[in-house]
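Chemist: Protein sequences, first through last, are from chains U and A. Sequential numbering of the first sequence, starting at 1, is according to the numbering used here. Sequential numbering of the second sequence, starting at 1001, is according to the numbering used here.
Read the hints as simulated data drawn from the structure, not as lab findings. Remember, it's a predicted structure, so these values are computed and weren't measured experimentally. In this text, a Cβ means the ideal position worked out from N, Cα and C, and glycines have one as well. Any given hint might turn out to be false.
[As the list claims (entries may be wrong)] Which bits of chain A does chain U cover? Going by a derived footprint, with three or more residues having C-beta under 8 Å, they are:
{"hint": "1", "stretch": "1044-1053"}
{"hint": "2", "stretch": "1086-1100"}
{"hint": "3", "stretch": "1145-1152"}
{"hint": "4", "stretch": "1155-1168"}
{"hint": "5", "stretch": "1175-1182"}
{"hint": "6", "stretch": "1242-1249"}
[Claimed, not checked] Using 27 Å as the maximum straight-line C-alpha spacing, the simulated BS3-like pairs for lysine-lysine come out as follows:
{"hint": "7", "chain 1": "A", "residue 1": "K1032", "chain 2": "U", "residue 2": "K273"}
{"hint": "8", "chain 1": "A", "residue 1": "K1016", "chain 2": "U", "residue 2": "K273"}
{"hint": "9", "chain 1": "U", "residue 1": "K273", "chain 2": "A", "residue 2": "K1248"}
{"hint": "10", "chain 1": "A", "residue 1": "K1032", "chain 2": "U", "residue 2": "K270"}
{"hint": "11", "chain 1": "A", "residue 1": "K1016", "chain 2": "U", "residue 2": "K300"}
{"hint": "12", "chain 1": "U", "residue 1": "K270", "chain 2": "A", "residue 2": "K1016"}
{"hint": "13", "chain 1": "U", "residue 1": "K273", "chain 2": "A", "residue 2": "K1170"}
{"hint": "14", "chain 1": "A", "residue 1": "K1248", "chain 2": "U", "residue 2": "K280"}
In case you want the letters, here they are:
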Amino acid sequence: MAVLVVAEHNNSELNAATLNAVTAAIQIDSDVDVLVAGEGCTSVVEQAATIDDVRRVLHTDAAIYANGLAENLADLVVSLAEGYSHLLTAATTTGKNVMPRVSALLDVAQISDIIGVESTDTFVRPVYAGNIIATVQSTDDIKAITVRTTAFEAAKTTGGAATIEVVSEASNLELSTFVGEELTKSDRPELAAADIIVSGGRGVGSSENFSIIEALADKLGAAVGASRAAVDAGYMPNDYQVGQTGKVVAPTVYIAVGISGAIQHLAGMKDSKVIVAINKDEEAPIFGVADYGLVGDLFKEVPAMVDALDG
Amino acid sequence: MKILVAVKRAIDYNVKARPKADGSDVDLANVKMSMNPFDEIAVEEAIRLQEAGVASETVAVSIGPKQCQETLRTAMAMGIDRGILVSSDDEVQPLAVAKLLKFVVEKEQPELVIVGKQAIDDDSNQVGQMLSALLGWSQGTFACGVELGGSGNLTVRREIDGGIQTLDLKMPAVITTDLRLNEPRYVKLPNIMKAKKKPLDVIEAGETGVDIKPRLVTVKVTEPPVRDGGVKVEDVNELIEKLRNEAKVI
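Next comes chain U alone, as it looks inside the complex (with noise of 0.2 Å):
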């Protein structure tokens, strides 16, 4: 059997969090081919043909697989699916919007979010906002998986030679259309990709506080991120939100300031390399997961930090 990776992109860069899934793919099974449904989508299909022990790379182009719209590229995946035992995406906004409707299609369930693969049938995933990691075995012939790009390492592009398939498009199902988009401009880096965040929550008070701590992550280069707390007080949009119910990341450095660490937060995070708090109060959970914490008001600490870096 094989494995199918639906892939990620914007019609002319591969989205990275699919080189992730294509890591747990080959975990599963040798044989991997990768999906790439798009308008104008050739350089994606050459990018994907790079990534290292992909054996094919499926390419359909059309018009209404344009914005990844859940429905059709749905119908799309489910007829590919024969010939696969293993369905897989990254665990992103929009592979959350369309594997679970491929599943239902298929009457297969769904595994979401694993984090790591102990058999062909057996996955580990967690639960209870990371509180908890249980460990799944479908019974179903077809496994439907959502990854957690963050438990897997990205495949490699060097060696990759994978052979390039054209397939039919499947019927237009005319239920959604794409009116347009606004997408965060930022010259930092995105929030899955960087090697540093720097993250305020509540403590940090208002939206214009908020330049404290993007003046901290532009010293370091790094990306910034918001707590749930922070989101839901309107300082900071839903996109920046780390924990459980926004983004999951693993840094090398992840510095929470003004975050107490409640529970959905820390799951967001707890797997970055080093983690740095910087809170007022010292009996702040997020302390307990620190390996470097910093007791103090932060529109103290934080400028003095940017002081700092600079001598």
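Take the given structure of chain U and dock chain A to it, following the hints.
Modeler: Here is chain A on its own, set in the frame of chain U:
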């Protein structure tokens, strides 16, 4: 327009889940249970659409043991018109939930179904998408804005990884809620009393003809590896020194 919302009785947001001593499952004995927070947002959105004159009737459905009636009463105390319990004492996994919801949709004929994007217990994030697929409807997941347009289509703003995406959905549709869609109202005491008088129907899951046998077997559950706390530093200079020379990460 009739709106159906699905509400799950789940572990309370403030409770930390722990495995049973034998590691067979999560220990939920004597644990406080509440409505899944994302489902509260779904309930609030349905009520707001009714208050805005867009919806004529709102119905909440819950699937699970008889205690789910409390969850339905909470939804009705918030303002939902009536409740339906699909009663089952067995584990009902997302695919089976979607199939049971499809059964209720075919009976109730709503034009819009609103569900939370994920439950905070199994963190599956599946039911809305699965239901939409089984019905052959459009879907608007992770919604932060829902508006009925003049054409009769639904404009949905969605939280995506890089920002916000806007879609135009053909009705009927399934919406899943994200955090910023709205802020659910608090339940007022008189409304709790009123909710007790609202209709609540019970359907036995076993009598629906839907196959709800679990497809995933839980082999074991464990606690995640504990991360050891580190050291406290005196000031930012010591912090930077440690990050540079000890951890060697900046």
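Chemist: Which hints, by number, does the structure contradict?
Modeler: Going through the list in order, the structure violates hints 1, 3, 7, 11, 13 and respects the others.
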